[in-house]
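Number of protein chains: 2
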Amino acid sequence: MNIKADISLPTWQDVLVAHERIAPHIRRTEILTNDALDQQTGASLFFKCENLQPPGAFKVRGASNAVFGLSDDQAAKGVATHSSGNHALCLSYAAGRRGIPCNVVMPRTAPQAKKDAVIAYGGKITECEPSTSSREETFARVQAETGGDFVHPYNDPRVIAGQATCSKEFLEQVEDLDILVAPIGGGGMISGTCLTVFSIAPHVKIYAAEPEQADDAMRSLKAGHIIADDAPETIADGLKVPLKDLTWHFVSNHVTDILTASEQEIIDAMKLSWKRLKMVIEPSCAVPLAVILKNPEIFAGKRVGVIITGGNVDLDKLPWIET
Amino acid sequence: MNIKADISLPTWQDVLVAHERIAPHIRRTEILTNDALDQQTGASLFFKCENLQPPGAFKVRGASNAVFGLSDDQAAKGVATHSSGNHALCLSYAAGRRGIPCNVVMPRTAPQAKKDAVIAYGGKITECEPSTSSREETFARVQAETGGDFVHPYNDPRVIAGQATCSKEFLEQVEDLDILVAPIGGGGMISGTCLTVFSIAPHVKIYAAEPEQADDAMRSLKAGHIIADDAPETIADGLKVPLKDLTWHFVSNHVTDILTASEQEIIDAMKLSWKRLKMVIEPSCAVPLAVILKNPEIFAGKRVGVIITGGNVDLDKLPWIET
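So the protein sequences, as listed, match chains A and B. Residues in the first sequence are numbered consecutively from 179, following the numbering used here. Residues in the second sequence are numbered consecutively from 179, following the numbering used here.
So that you can see chain A by itself, here it is in the shape it has in the complex (with noise of 0.2 Å):
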């Protein structure tokens, strides 16, 4: 392992700290099965639905375990962000549960949706250019003129902890899961993974489910090192964002392997998880199902538990239908 010393990693003792902080904050969530999808796979697969957090993702767990985790006088400041998406929204809830200010720098070309969230549970958004120049610029200016702490959307100790609380209960909810997939972005909840995994069940194999078209992960997992692209294009839009330190420690370390779907496989996957299991995810969140039925030599006769991670779609516009 190759860890830089003043990187702080989460341990099994963050996770159960987290668990018992975010528990009147986060929803226990159901898992459901599917027969129709168990026939087509030839595996025995457990959904669990994160997508039914208050909030409509996973990353609520992570964002209430570093909110709720402040000390008063910290809190008082608040806590801030960059975030296009689910992590802004999540972070907002979280703040205004515990009734704090939340600043998050949002690119103006963010989802109208997305921005109408994040102001509905209270948060502040200053609108940046989507750049990394100006969305690091901006982000600094916020930071700097409120104070507030600087909550990662998954290259933080805190947050990872708090994803990892998720698999946590998956673990306790279904007996003997073969294997664990998740989607991969920046990594946050692979990590939290991992972390669960290695702490509790070594046995468990975990796949990360990525987009072909924005495969840095796997080709960072390859290559031994992280690679980071400038602006990857796909549907999949909660996993555009590279590997951190922190993450790649996990990944690098704990996961089986890193499996691809194309843009098609993934909207294919999702509309065939609205169908069968009835349940609104969004485009990141299939691509799990996807590599599942892309790849039967790894999954069939296997228990996979599979991670909803969220279910915030632009219901207006659906990728299977012109308009």
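Hint data in this document are derived by calculation from the structure and do not stem from the laboratory. Because the structure is a prediction, the values reported are computed rather than measured. Heads up, some of the hints might be wrong.
One copy or any two copies: either way a pair holds, since identical chains are not told apart in the list.
Using 20 Å as the maximum straight-line C-alpha spacing, the simulated SDA-like pairs for lysine to any residue come out as follows [said to hold, decoys possible]:
| id | residue 1 | residue 2 |
| --- | --- | --- |
| 1 | Lys-418 | Met-396 |
| 2 | Lys-453 | Tyr-299 |
| 3 | Lys-449 | Asp-494 |
| 4 | Lys-453 | Pro-289 |
| 5 | Lys-418 | Asp-492 |
| 6 | Lys-422 | Glu-315 |
| 7 | Lys-453 | Ile-297 |
| 8 | Lys-422 | Thr-434 |
| 9 | Lys-453 | Asp-294 |
| 10 | Lys-449 | Leu-493 |
| 11 | Lys-302 | Thr-324 |
| 12 | Lys-453 | Leu-493 |
| 13 | Lys-293 | Lys-453 |
| 14 | Lys-453 | Asp-494 |
| 15 | Lys-453 | Ala-298 |
We have chain A already, so just place chain B on it with the hints.
Relative to chain A, chain B alone:
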């Protein structure tokens, strides 16, 4: 009560037998709650997700009770029915599980998703015009040809006893419900709900939810006798059929009231369910939420059980997206 001597009312004992008989073939469906919808309505809402039944609708309960209650001799000739959709596909599903023939008469205008499902489950479709008169005429011919046991979509004591198992489970799963709400078309689910409620929880009020544009049950209740429209037009395609003698008995004696919603209110409630509950539900089963949103004076402050009756939607054709 004005009950004709020759109609055979199902009893609570029939419900207990039905529940044991169908247990291997149905799902004990999950209950969802949702903070945002509770806030919006002022009620504590509990959603019983019958859309998660393997064939996507509650009608698998009554259909399975009928199919698995047949003697081997009766079963050899199979079953037959007419249905706008979910009963057809649920009866096909149940017949398929028993390995017996299933003939169904469906209006040619029924959703393609439902026709496809009937065929996938091994049912045989004969099409008719979308009117009660055409349906009954076509069915008489099909039944004469096949000799299959007629399992009426709702006016059949076996079917009503089967549907009653849904509210039986609901009352076992959620304590202290004040109100149950379900959609009303022919009245099978509502009749089963009445049967359960007056048998084991007579303090629970029952509200039926009906489209304004197919409000024959509401007008029947006010008039004191069955009013049947021949071919009402509503997006709630499962709710176009009229009450019959058995269901009229339950509706007229045990339903607290029938509330109606406009087409736009139904579409809005459907979209809201997708957005908030992350559940794919069909238009017919959005009517309860629509009437709850419309009548806060009845529901606010109450513990309200809502039966999410089905989720078989044509995903290529959503009512809020112009194509």
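Structure-based check of all given hints:
In this assembly of identical chains, Lys-418 and Met-396 lie within 20 Å of each other by CA distance solely inside one copy; the values are 13 Å within and 52 Å between copies. In this homomeric assembly, Lys-453 and Tyr-299 come within 20 Å of each other (Cα to Cα) only across copies, at 15 Å, whereas the closest approach inside a single copy is 30 Å. In this homomeric assembly, Lys-449 and Asp-494 come within 20 Å of each other (Cα to Cα) both inside a single copy, at 15 Å, and across copies, at 10 Å. Proximity of Lys-453 and Pro-289 under a CA criterion of 20 Å is satisfied inter-copy only: 14 Å between copies versus 23 Å inside one chain copy.
For the identical chains of this complex, Lys-418 and Asp-492 are intra-copy neighbours only, at 18 Å inside a copy versus 31 Å across copies, given an alpha-carbon limit of 20 Å. For a Cα distance limit of 20 Å, the shortest separation of Lys-422 from Glu-315 inside one copy, 17 Å, qualifies, whereas the shortest one across copies, 69 Å, does not. For the homomeric pair Lys-453 and Ile-297, the shortest alpha-carbon distance between copies (16 Å) is at most 20 Å, but the shortest distance inside one copy (31 Å) is not. Only within a single protomer do Lys-422 and Thr-434 lie at most 20 Å apart by alpha-carbon distance; the minimum there is 19 Å, versus 60 Å between protomers.
Proximity of Lys-453 to Asp-294 under the C-alpha cut-off of 20 Å is restricted to the inter-copy arrangement: shortest distance 12 Å between copies versus 26 Å within a copy. For the homomeric pair Lys-449 and Leu-493, the shortest alpha-carbon distances inside one copy (13 Å) and between copies (8 Å) are both at most 20 Å. Taking CA atoms no more than 20 Å apart as the test, Lys-302 paired with Thr-324 passes inside one copy only; the shortest distance there is 11 Å, against 67 Å between copies. Taking CA atoms no more than 20 Å apart as the test, Lys-453 paired with Leu-493 passes in both settings, with 15 Å inside one copy and 8 Å between copies.
Taking identical chains as interchangeable, the C-alpha atoms of Lys-293 and Lys-453 lie at most 20 Å apart only when they sit on different chains, with a minimum of 14 Å there against 27 Å within one chain. Taking CA atoms no more than 20 Å apart as the test, Lys-453 paired with Asp-494 passes in both settings, with 17 Å inside one copy and 11 Å between copies. In this assembly of identical chains, Lys-453 and Ala-298 lie within 20 Å of each other by CA distance solely across copies; the values are 14 Å between and 29 Å within a copy.
When each numbered hint is compared with the structure, no violation occurs for any of them.
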